[in-house]
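S.K.: Each chain is listed here by its residues.
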Amino acid sequence: MLTTLLAVARQALNRQLVYRAANLAGLVTNAFFGFLRASVLIALFAAKTAPRVGGLDLRAAVTYTGVAQALIVWVALWGWWDLIDAIKTGDIASDLQRPLSVFWYWCAQDAGRAVAQLVMRSLPIMAVYAVLFPLALPRDVVQWIGFGTAIVMAWLLCFAWRFLYSLAGFWLTDATSIGRAAAFLMTFLSGFLMPVGFFPPWAQTLMLLTPFPSFINTPIEIFVNVATGPHMLALLAIQAFWIVVLITLAHVVLYAGLRRLTMEGG
Amino acid sequence: MISHYLKLVSGVLRSQLAYRTAFIVDVITVGMSNALEFVAFALAFAGFGHIGGWSLWQVAFSWGLSEAAFGTMDMIFSGFDPARFAQHIKRGTFDQFLLRPVGLVTQIFASDFALRRLGRVAQGLAIFALANAGAGVIWTPAKLAYLPLVFVGAVAFYGALFVFGATLCFWSTEGLEIVNLFTYGGTTMASYPMHIYTDVVRRLFTFVVPTALMIYYPALFFFDLPDPTGLPKIAQYLAPLVGFGVLTLALVSWRVGVYKYQGTGS
Amino acid sequence: MITVEHLVKEFHVFERRGWLRRRTRLVRAVDGISFTITPGELVGYLGPNGAGKSTTIKMLTGILVPSAGVVQVNGRVPWRERVAHVGRIGAVFGQRNTLWPDLPVADSFDLLRHIYHIPPDRYRANLQEFRDLLGLDDFMGFPVRTLSLGQRMRANLAAAWLHDPDIVFLDEPTIGLDVVAKEHIRAFLQRVKLERGTTVILTTHDLADVERLCERVMMIDHGQLLFDGKLAELVERFGGERELVVDFAESYADVAVDGATVTQREGLRATYRFARAKITASELISRVSARYRLRDLSVREPEIEATIRRIYEQKLL
Numbered sequence: 001m002l003t004t005l006l007a008v009a010r011q012a013l014n015r016q017l018v019y020r021a022a023n024l025a026g027l028v029t030n031a032f033f034g035f036l037r038a039s040v041l042i043a044l045f046a047a048k049t050a051p052r053v054g055g056l057d058l059r060a061a062v063t064y065t066g067v068a069q070a071l072i073v074w075v076a077l078w079g080w081w082d083l084i085d086a087i088k089t090g091d092i093a094s095d096l097q098r099p100l101s102v103f104w105y106w107c108a109q110d111a112g113r114a115v116a117q118l119v120m121r122s123l124p125i126m127a128v129y130a131v132l133f134p135l136a137l138p139r140d141v142v143q144w145i146g147f148g149t150a151i152v153m154a155w156l157l158c159f160a161w162r163f164l165y166s167l168a169g170f171w172l173t174d175a176t177s178i179g180r181a182a183a184f185l186m187t188f189l190s191g192f193l194m195p196v197g198f199f200p201p202w203a204q205t206l207m208l209l210t211p212f213p214s215f216i217n218t219p220i221e222i223f224v225n226v227a228t229g230p231h232m233l234a235l236l237a238i239q240a241f242w243i244v245v246l247i248t249l250a251h252v253v254l255y256a257g258l259r260r261l262t263m264e265g266g
Numbered sequence: 001m002i003s004h005y006l007k008l009v010s011g012v013l014r015s016q017l018a019y020r021t022a023f024i025v026d027v028i029t030v031g032m033s034n035a036l037e038f039v040a041f042a043l044a045f046a047g048f049g050h051i052g053g054w055s056l057w058q059v060a061f062s063w064g065l066s067e068a069a070f071g072t073m074d075m076i077f078s079g080f081d082p083a084r085f086a087q088h089i090k091r092g093t094f095d096q097f098l099l100r101p102v103g104l105v106t107q108i109f110a111s112d113f114a115l116r117r118l119g120r121v122a123q124g125l126a127i128f129a130l131a132n133a134g135a136g137v138i139w140t141p142a143k144l145a146y147l148p149l150v151f152v153g154a155v156a157f158y159g160a161l162f163v164f165g166a167t168l169c170f171w172s173t174e175g176l177e178i179v180n181l182f183t184y185g186g187t188t189m190a191s192y193p194m195h196i197y198t199d200v201v202r203r204l205f206t207f208v209v210p211t212a213l214m215i216y217y218p219a220l221f222f223f224d225l226p227d228p229t230g231l232p233k234i235a236q237y238l239a240p241l242v243g244f245g246v247l248t249l250a251l252v253s254w255r256v257g258v259y260k261y262q263g264t265g266s
Numbered sequence: 001m002i003t004v005e006h007l008v009k010e011f012h013v014f015e016r017r018g019w020l021r022r023r024t025r026l027v028r029a030v031d032g033i034s035f036t037i038t039p040g041e042l043v044g045y046l047g048p049n050g051a052g053k054s055t056t057i058k059m060l061t062g063i064l065v066p067s068a069g070v071v072q073v074n075g076r077v078p079w080r081e082r083v084a085h086v087g088r089i090g091a092v093f094g095q096r097n098t099l100w101p102d103l104p105v106a107d108s109f110d111l112l113r114h115i116y117h118i119p120p121d122r123y124r125a126n127l128q129e130f131r132d133l134l135g136l137d138d139f140m141g142f143p144v145r146t147l148s149l150g151q152r153m154r155a156n157l158a159a160a161w162l163h164d165p166d167i168v169f170l171d172e173p174t175i176g177l178d179v180v181a182k183e184h185i186r187a188f189l190q191r192v193k194l195e196r197g198t199t200v201i202l203t204t205h206d207l208a209d210v211e212r213l214c215e216r217v218m219m220i221d222h223g224q225l226l227f228d229g230k231l232a233e234l235v236e237r238f239g240g241e242r243e244l245v246v247d248f249a250e251s252y253a254d255v256a257v258d259g260a261t262v263t264q265r266e267g268l269r270a271t272y273r274f275a276r277a278k279i280t281a282s283e284l285i286s287r288v289s290a291r292y293r294l295r296d297l298s299v300r301e302p303e304i305e306a307t308i309r310r311i312y313e314q315k316l317l
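Protein chains in written order, with the working numbering: chain D, 1 to 266; chain H, 1 to 266; chain C, 1 to 317.
If you are wondering where the hints come from, they were derived from the structure by calculation, not from laboratory data. None of these values were measured; they are calculated from a predicted model. Zero decoy hints are in this set.
Ranges between beta-carbon positions, derived for each pair:
1. D:Lys48 with H:Gly263: 57 to 67 Å
2. C:Glu129 with H:Phe23: 36 to 46 Å
3. C:Gly135 with H:Leu104: 30 to 40 Å
4. D:Leu17 with H:Gly263: 25 to 35 Å
5. C:Gly135 with D:Arg15: 41 to 51 Å
6. D:Leu17 with H:Thr173: 12 to 22 Å
7. C:Pro119 with H:Gly103: 16 to 26 Å
8. H:Thr264 with D:Arg260: 40 to 50 Å
9. D:Asp85 with H:Val201: 31 to 41 Å
10. C:Glu129 with H:Gly263: 36 to 46 Å
11. C:Glu236 with H:Gly263: 35 to 45 Å
12. C:Gln128 with D:Thr89: 38 to 48 Å
13. D:Arg15 with C:Glu129: 49 to 59 Å
Not the full set, but computed from the structure, chain H residues with beta-carbon under 7 Å of chain D:
14. Glu37
15. Ala44
16. Gly47
17. Phe48
18. Ile51
19. Glu177
20. Ile178
21. Gly185
Beta carbons: idealized from backbone N, C-alpha and C, even for Gly.
Between the sequences and the hints, there should be enough to build the whole structure, so can you do that?
M.R.: Here's what the structure looks like:
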């Protein structure tokens with residue numbers, strides 16, 4: 001089955017590579033918003049006497065905005081309607097004909113997409129940032145390995161979450177409102193708008209009760225050396241925990257949804 | 001022309017309101033997701049104190065104004081929303097507009113009126129109202145008279161950006177994300193005090209795409225603040241003129257786009 | 001009254017070669033067509049896919065501007081006086097919808113009443129007539145989006161005639177419909193033609209439409225007008241082979257005859273195929289009846305379908 005999944009991923013990768021113009025436009029968008037947020041942070045830090053907020057100094061904060069832009073594309077934080085559409089049109093039925101787990105099939109496809117966009121957008125945006133700003137980079141090999149692990153888990157986590165809320169399509173005729181509500185949650189709680197560390201303690205506690213900081217905030221904190229050693233391991237463990245939870249939930253809900261589909265028709 | 005518009009748009013509105021609960025949920029979701037960015041900023045702001053010398057109230061003032069204007073524009077100009085308009089060109093349904101004995105611009109305006117974007121207007125107005133509690137604006141008759149003009153000018157300006165975006169569709173329906181930079185990106189930019197951006201960027205958004213003239217410079221007038229960018233005082237009074245001027249330009253370019261479409265087909 | 005003279009439409013077609021290079025080719029979708037259509041005619045406009053039919057129609061309706069040539073419809077140049085021109089015509093495009101998808105049919109019609117400034121009494125009379133003729137009552141209250149293809153087409157047809165247009169353009173109106181629905185639509189078109197004398201230009205691939213409705217056909221291929229005349233003439237000139245079906249009075253072992261080939265034999269019935277060019281029907285009948293005793297016979301014209309296919313494939317025009 002693994003070879004089949006790899007083939008599926010490869011196909012998805014090639015499909016994504018075709019969208020050169022769209023991804024180029026997306027890259028420009030990433031750059032624009034990244035610089036905008038960086039400007040805001042630079043201005044904010046100028047007002048500060050103490051150099052660090054939430055563990056981040058200015059260099060780390062600016063790096064944060066860049067890595068965040070790279071990450072949102074890699075994990076596909078928004079704008080993923082594929083599964084919702086497949087359920088709406090009934091195409092999901094053809095997935096049942098395949099001798100593959102539905103979840104892992106879609107996961108393999110998303111893996112292909114992610115790698116393609118990593119190359120077309122995430123790496124280029126980091127390159128642009130590296131040219132324009134002094135960046136805070138992982139301080140040693142351990143940190144790099146931690147970061148690599150974290151982003152792979154962040155992607156898997158985000159995929160499981162997207163998969164999960166898309167399943168609402170089995171019960172609701174218009175699941176796009178779910179998609180929008182989900183986007184709303186993720187944007188705020190993942191630490192994309194502002195690093196989690198910038199929020200007042202009570203807000204941080206609330207955010208950390210959800211899986212979302214593990215999507216964006218966790219990998220970046222590792223990258224800019226805010227989370228090192230045991231702290232880093234703890235964050236990775238939290239990611240792993242949420243992966244298990246979300247994937248299990250996804251399978252349960254998927255099973256329920258498919259039963260509904262086959263019993264009640266399309 | 002107006003009567004045709006009203007008649008056509010009433011149909012659109014009626015079909016939106018047909019699903020009452022879904023509509024209300026949508027309005028609330030839209031309102032909340034747009035407010036999130038400000039909430040994140042406000043929560044993080046506590047750790048810093050000021051941004052470019054502006055207080056949180058002052059940022060809220062320009063933020064709320066920009067959001068309320070953009071949301072209003074988003075409703076009225078939904079027909080020109082490039083994301084939507086591109087579908088007409090791609091699917092060939094634009095031809096249907098050419099076959100009706102009503103002016104094209106009237107028809108496009110009437111083709112959609114996304115009431116759910118009222119949510120964005122509402123949160124913008126709410127933030128603006130809150131801002132006035134602490135922004136310390138000394139209201140004079142001149143300022144009170146100018147405020148609605150700034151609002152209307154901003155609506156016209158943002159609308160012009162939509163119209164330019166729709167015009168681009170006549171040449172290509174790909175890579176429209178670039179337009180989003182100026183619309184959604186522009187309004188985000190305008191929400192912050194624009195002297196925090198680098199000179200090049202700020203001049204681009206003052207003289208080429210005059211976003212700064214629509215919210216930031218008038219804000220200086222409202223706050224009675226000196227201009228850190230060194231422009232003549234008149235820059236603060238140009239908002240409505242520039243807004244409608246750019247809109248006129250946009251509608252002219254739209255005409256050019258239609259001629260192009262009729263010359264080369266889809 | 002429609003006048004078209006030396007109409008030309010060229011397109012730049014982009015071809016992507018390799019990574020970045022793009023070449024443009026100039027394609028003549030319509031290559032010097034001329035014709036005149038007088039009021040009240042119902043003209044069939046035939047041609048294979050890509051022949052230039054839709055492009056011609058788009059220029060007649062004002063959607064496209066020609067590269068060269070003259071188009072006059074009721075004294076107007078379509079794209080120059082768009083609003084005036086479009087107010088006097090109707091158009092229905094096969095798979096596309098002319099009505100507002102989310103509105104109930106009745107509401108769409110009401111909107112049209114305003115847009116086309118239809119006088120209230122004309123509106124009421126037309127609406128009543130079309131409701132009866134097309135059976136619209138079943139679905140007047142439903143959003144157009146929810147209708148079946150047949151229902152949508154009927155609604156679109158009614159909409160096209162609602163404002164008493166002088167000319168109606170129909171682009172594949174029966175495509176995708178079942179036999180019964182097609183019949184209803186043809187009946188409707190015959191009826192309106194008779195009663196209102198609307199000029200109708202009908203592009204279609206369904207040759208049964210052509211047989212039923214059109215006296216005049218224009219055939220276009222590769223942007224050029226290959227034939228413009230009566231349908232009967234088209235069949236006459238290119239009909240190729242016809243068939244003579246004979247019922248014999250008694251059983252014969254061999255029913256061969258000079259000038260024709262026996263293609264079928266079943267009991268007392270035989271089918272002869274003969275070439276129009278080689279022998280006339282009456283001559284063949286004489287030869288057969290001279291040799292064998294007949295009880296009954298009939299001459300079958302080739303199906304239009306086959307005739308036109310021959311014309312395309314063998315490039316007879």
